[in-house]
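Engineer: In case you want the letters, here they are:
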Amino acid sequence: GAGVSQSPRYKVAKRGQDVALRCDPISGHVSLFWYQQALGQGPEFLTYFQNEAQLDKSGLPSDRFFAERPEGSVSTLKIQRTQQEDSAVYLCASSLATLNTEAFFGQGTRLTVV
Amino acid sequence: TQLLEQSPQFLSIQEGENLTVYCNSSSVFSSLQWYRQEPGEGPVLLVTVVTGGEVKKLKRLTFQFGDARKDSSLHITAAQPGDTGLYLCAGEADSGYALNFGKGTSLLVTP
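Protein chains in written order, with the numbering used here: chain A, 9 to 122; chain B, 640 to 750.
Please keep in mind that the hints were generated in silico from the structure rather than gathered at the bench. For clarity, every value in this text was computed on a predicted model and none was experimentally measured. All C-beta atoms in this analysis are idealised placements derived from N, C-alpha and C, irrespective of residue type, glycine included. Fair warning: there could be bad hints in the mix.
Incomplete in silico selection of chain B near chain A, CB under 10 Å [stated by the list, open to error]:
#1 725
#2 727
#3 737
Sequences are here, hints too, so could you generate the full structure?
Structural biologist: Put into structure tokens, the structure is as follows:
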């Protein structure tokens, strides 16, 4: 596709349920980022991949959060045993190279934990 | 952590008015970026400023990077309803990989 695609757009999960959020970056983009955006806030960095290598996961809030990009393209963010404070929009972004090139964001997945 | 503070947090103005939003930090950044985010969408890059004192114009939007590269401003002339959105500034994180975002300025322009 022409842009970064995320699915699902909306996800409602019961507390304690596991969820998986998918990101299809722009073809050929080396860098992939995941961000979490709470209501009324700016995005907060979660993790970064360069191709299939996860170079930075310092922003993942707990060990319930796990991300992978096994073939250097599609990425999945998994949240285990979801809690209400996990409710947020999860944004994926990709860029052609490293930080100093423009990052393109997907529309995000809005996760609501009830 | 390099924090970016944006002000004001909310701004509601009428069409045709001018406005300025600010992005401030105690840290020096090699560059700052400005994004606009509309409801239900991801942020879209407006501009990147790199040089201290730099001024960039994008139609009715003027971006300035402070001389010390710690702050930036966005000025909109003759605002239009289509300018409504969340304006975010972002700077390079310590890791060098990701961006640190401010909390944003939510702008509403009414006809």
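Engineer: Would you mind marking each hint as holding or not holding in the structure?
Structural biologist: Here is how each hint holds up against the structure:
1. Taken as an interface hint, residue 725 (chain B) checks out: its beta carbon lies about 8 Å from the nearest beta carbon of chain A, inside 10 Å.
2. Because the beta carbon of residue 727 (chain B) sits about 5 Å from the nearest beta carbon in chain A, less than 10 Å, this interface hint is met.
3. A hinted interface residue such as residue 737 (chain B) counts as satisfied when its beta carbon comes closer than 10 Å to some beta carbon of chain A; here the least separation is about 4 Å, so the hint holds.
When the structure is compared with the earlier hints, no violation turns up for any of them.
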